[in-house]
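A.B. asks: Here's the letter readout for the chains.
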Amino acid sequence: MTGTTGTTGTALGAPAERREGRQKVTGAARYAAEYTLPGRVHAWPVPAAVTRGRVTAVDTSAALALPGVLAVLTPFDAPRLAEPEDGTLAVLQNPDVPHRGWCVALAVAETLETARAAARTVRVTYATAPHDTGPVEGHPGGYEPQEAGGQPGRVEHGDPEAAYAAAEVRVDVTYRVPPLHNHPMEPHASTAHWDGDRLTAYTSSQGGTTVRSVLAQLFRLPEERITVVAEHVGGGFGSKGTPRPDVVLAALAARHTGRPVTVAYPRRYLPTVVGHRAPTVQRLRLGAHPDGRLTALLHDVTTQTSRVKEFVEYAGVVSRVMYATPNLRSVHHVVPLDVPTPSWMRAPGESPGMYALESAMDELADALGVDPVELRVRNEPEREPGSGKPFSSRHVVECLREGARRFGWTGRDPRPGVRREGPLLIGTGVAAATYPVQVAPSTATAEARPDGTFVIRVNAADIGTGARTVLAQIAADALGVPLERVRTEVGHSDLPPAPLAGGSMGTASWGWAVHEACTRLAAHPEEGPTVRADTTGTADAESPYARHAFGAHFAEVAVDTVTGEVRVCRLLGVFAAGRILNARTARSQFTGAMVMGLGMALTEHSTLDPAFGDFPEADLASYHVPVHADVPGIEADWIDEHDTHLNPMGSKGIGEIGIVGTAAALGNAVHHATGIRFRTLPLTPDRILAGLLSEG
Amino acid sequence: MNGFGYLRPGSVQEAVEAHAAQPGARYLAGGTNLVDLLKLGVERPALLIDIGRLPLNGIQELPDGSLRVGATVRNSDLAADPRVRERWPALSQALLAGASAQLRNAATTGGNLLQRTRCPYFQDLDKPCNKREPGSGCGARDGVHRDHAVLGHSPQCIATHPSDMAVALAALDAQVELYGTDGTRRLPVADFHRLPGEHPERDTWIRPGELITGVLLPAATAGAPSAYRKARDRASYAFALASVAVLLRVADGVVDQVGVAFGGLAHRPWRARHTELALLGAPATPAAFEGAVALELAHAEPLRDNAYKVSLARNLALDVLNRLAPAPAVA
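Residue numbers (this note's numbering), protein chains in the order written: chain A, 3 to 698; chain B, 375 to 705.
A few of these clues could be false.
[Said to hold, decoys possible] With a Cα cut of at most 16 Å, we get these calculated EDC-like pairs of lysine to aspartate or glutamate:
| id | chain 1 | residue 1 | chain 2 | residue 2 |
| --- | --- | --- | --- | --- |
| 1 | B | K413 | A | E233 |
| 2 | A | K311 | A | D621 |
| 3 | A | K26 | A | E233 |
| 4 | B | K413 | A | E85 |
| 5 | A | K311 | A | E115 |
| 6 | A | K311 | A | E87 |
Everything labelled a hint here was simulated from the structure, so no lab data went into it.
Given only the sequences and the hints, what does the whole structure look like? Please build it.
C.D. replies: Below you can see the structure in the form of structure tokens.
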């Protein structure tokens with residue numbers, strides 16, 4: 003390996019190569035469905051074919067008559083579980099159907115093909131009930147939730163309505179983001195195996211420690227009798243942040259049949275059962291002085307959840323972080339419907355929230371005749387507007403300035419719709435980004451081996467981010483040894499418990515414990531050979547600071563006036579996210595998230611079918627994740643931040659900030675190109691063309 | 375699991391006899407669509423007849439200047455053929471606009487013509503679809519139908535044919551060569567696919583037992599200026615929201631030969647006969663193109679959420695017609 007040989011104290015920040023890269027590209031890395039245990043069988047779920055109702059009967063006779071079929075589990079005879087805190091995991095426990103796609107039976111057979119054929123043979127009878135799939139706007143069932151993303155559902159300062167009404171310059175705009183799906187390459191999959199009263203689950207999860215505790219609760223087992231292995235995870239983007247039905251179903255079926263069982267949720271069934279970004283309708287009202295300083299900011303979010311559990315897409319939270327304003331309102335409304343349960347998708351809250359806020363800021367810049375970069379600079383707050391706390395570090399202005407310099411923003415002609423190259427209209431746009439610093443307590447051990455090498459153990463999840471690699475870098479630095487002398491073990495619940503890879507907090511949380519264990523081992527070898535660290539009480543201590551990563555996105559697009567197709571010419575992201583711990587994997591995270599933001603802006607959407615209550619875009623041919631041809635010059639870079647209020651490494655999370663401002667930057671560029679404001683995502687040819695024709 | 379027979383016939387004759395003898399048999403070539411449908415349970419054939427090794431993978435130039443393309447010629451090979459690129463460029467462009475590189479390497483000429491609609495209701499066994507299950511209803515009409523038909527649809531079905539290749543073939547007057555137990559016959563590609571009417575379960579006019587053995591690109595259209603353009607949601611690996619193939623030969627400022635076909639608008643490649651009739655012998659001017667295209671699209675009956683397709687198709691057609699028309703001679 004090149005570029006990985008850290009001499010003492012220099013491993014951190016180096017562009018070390020992903021340690022499992024070779025295993026992955028050669029196919030040697032094993033994923034959850036690939037644990038071919040002796041006697042392993044397969045299970046295939048039967049999704050509910052009604053939008054709301056109750057299962058009255060399940061006829062399994064034809065399925066059971068097929069050679070090779072072991073069992074069909076139904077809501078009437080599946081093993082009983084303790085009631086889960088997360089209602090989406092109460093699978094096959096009662097006959098209620100809360101939404102289409104909900105699992106109503108599970109066929110178990112010797113082969114995958116037989117299981118699939120058996121599932122199709124199962125005859126389910128339903129008592130259907132009237133359903134309500136929205137729309138949410140003006141829906142009488144809406145309410146204001148207490149919490150949104152673990153924060154208050156509403157924050158209000160000053161008198162925002164009055165201040166807005168009195169403002170000299172006003173922008174009142176509504177933005178819409180459709181349902182979006184995470185669709186990681188590896189589907190949600192688990193292989194479960196019981197050995198007496200011991201359960202082993204190989205699962206595709208962002209957090210094996212949580213999977214173990216949830217299984218323990220559901221199956222009424224002490225945690226030490228459960229092993230959860232998540233060695234390699236083929237992406238999750240939030241949808242594997244909580245245990246999903248696959249692992250519960252696999253464990254149920256394995257207990258019922260006495261065989262190891264794999265449940266690899268079929269791609270087409272994923273959209274209804276593993277979460278999605280909830281659609282949002284966001285009304286932004288910005289009141290400003292003629293010089294651009296905000297006098298009022300009102301951010302009203304309306305979204306939906308299922309009747310299984312409350313999930314609030316907390317899009318309004320970003321307005322409590324970004325801009326100085328004496329009068330602020332950020333509030334959420336949520337409507338429970340007979341629809342699949344939404345959940346986390348990369349930068350939940352921030353991503354749709356900043357799309358709306360940063361688009362509205364662009365509209366305000368337009369209304370004022372102020373450069374959009376300058377407008378943001380003029381509204382830079384001294385303290386976090388929502389909490390009044392000082393920022394631990396905040397370099398959004400530096401990101402905007404540096405991005406503007408690199409992008410060639412200076413001298414930009416602000417007039418929209420005037421740059422024509424043949425049939426193409428060219429435009430550029432900018433948007434800021436923010437994502438909170440989150441961190442959770444973790445444990446880890448560091449072991450000094452007699453041969454001079456070290457082993458770091460922590461039940462972290464490497465979901466494709468390079469966690470193994472960066473944890474080794476943190477350890478090597480703290481130990482003061484070359485990187486190649488450090489080995490990391492992650493993804494196994496026999497390892498020291500650790501929080502999930504989510505909320506961009508994995509590296510900070512695990513790394514803090516790794517750093518502590520290694521620092522102590524280096525200072526006090528006599529405590530060895532193994533030193534254990536637990537950051538409970540330190541990592542989760544309340545900080546007096548508002549801690550966030552920031553960034554700036556710049557985009558150039560070409561809008562084809564013949565077809566309405568928007569094609570990206572350039573995308574640039576500049577981020578301030580503390581100390582960057584691995585230049586190679588960090589860049590990959592930033593650009594990967596920017597591509598996801600490009601998809602959110604231009605190509606991706608799921609459509610809630612009003613008649614059936616599910617999403618017709620159920621495969622990767624119809625759910626349009628960007629392809630290579632959609633992504634031309636894409637560049638990410640960062641500003642070094644030295645922030646001592648974070649963690650021993652000085653890092654902020656980087657997994658999500660890259661998506662946050664991308665959609666707004668692209669949308670603003672489309673406006674600059676065409677002179678038309680499109681306020682509903684994605685910016686597909688049908689919408690753009692309709693806009694061009696009605697304006698033209 | 376669903377059992378099915380598998381046969382690898384040694385000859386075309388053996389293939390068609392096996393097909394005729396077994397109702398519900400399916401020919402298998404590239405399998406890029408059929409295998410998906412097998413997995414979904416949409417197709418449940420009793421017998422798969424694998425024609426992949428039959429001698430149908432050649433491209434031959436015939437003495438009259440036409441080109442005969444074997445049914446199992448891969449999409450990527452056909453797109454790259456120098457004769458196709460030079461003489462029937464719209465076909466090469468259409469092929470390259472379709473699917474992804476991996477799929478084009480596997481998909482065949484005959485299979486491309488016989489691929490099924492990607493309507494999501496057709497693919498979902500839990501939803502009504504008259505094409506998959508006659509009489510069950512159409513889920514798309516009141517459901518999500520942004521991608522569906524605006525021309526020639528019926529109360530029973532609003533699906534579109536997904537092929538790009540077939541649209542170019544239709545505009546280029548290509549013919550499908552069919553071999554059956556009654557011998558060989560030919561059908562214009564433009565007439566090969568059906569409108570849904572009351573029988574959306576039937577995509578084409580192919581008869582039981584018949585096998586597509588090839589496609590003929592006629593000498594009459596060889597070398598005429600032609601082009602294909604497609605609009606889609608992402609830059610690759612997406613079906614057409616709308617597309618157009620145009621062949622246009624102009625002599626002395628007057629349209630001498632014209633073929634226009636739309637994709638993504640109907641249950642079949644939509645040959646724009648009204649446009650062609652209006653243009654043949656007319657001056658090749660933007661105004662004439664506009665009027666002629668409008669004549670065709672006046673027949674459109676958009677659904678709740680797909681009216682954009684009419685404007686999109688119009689823009690695409692005018693763009694390609696104007697591009698193919700020679701610049702007016704300077705007086």
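A.B. asks: Which hint numbers does the structure go against, in order from smallest to largest?
C.D. replies: 1, 2, 4, 5
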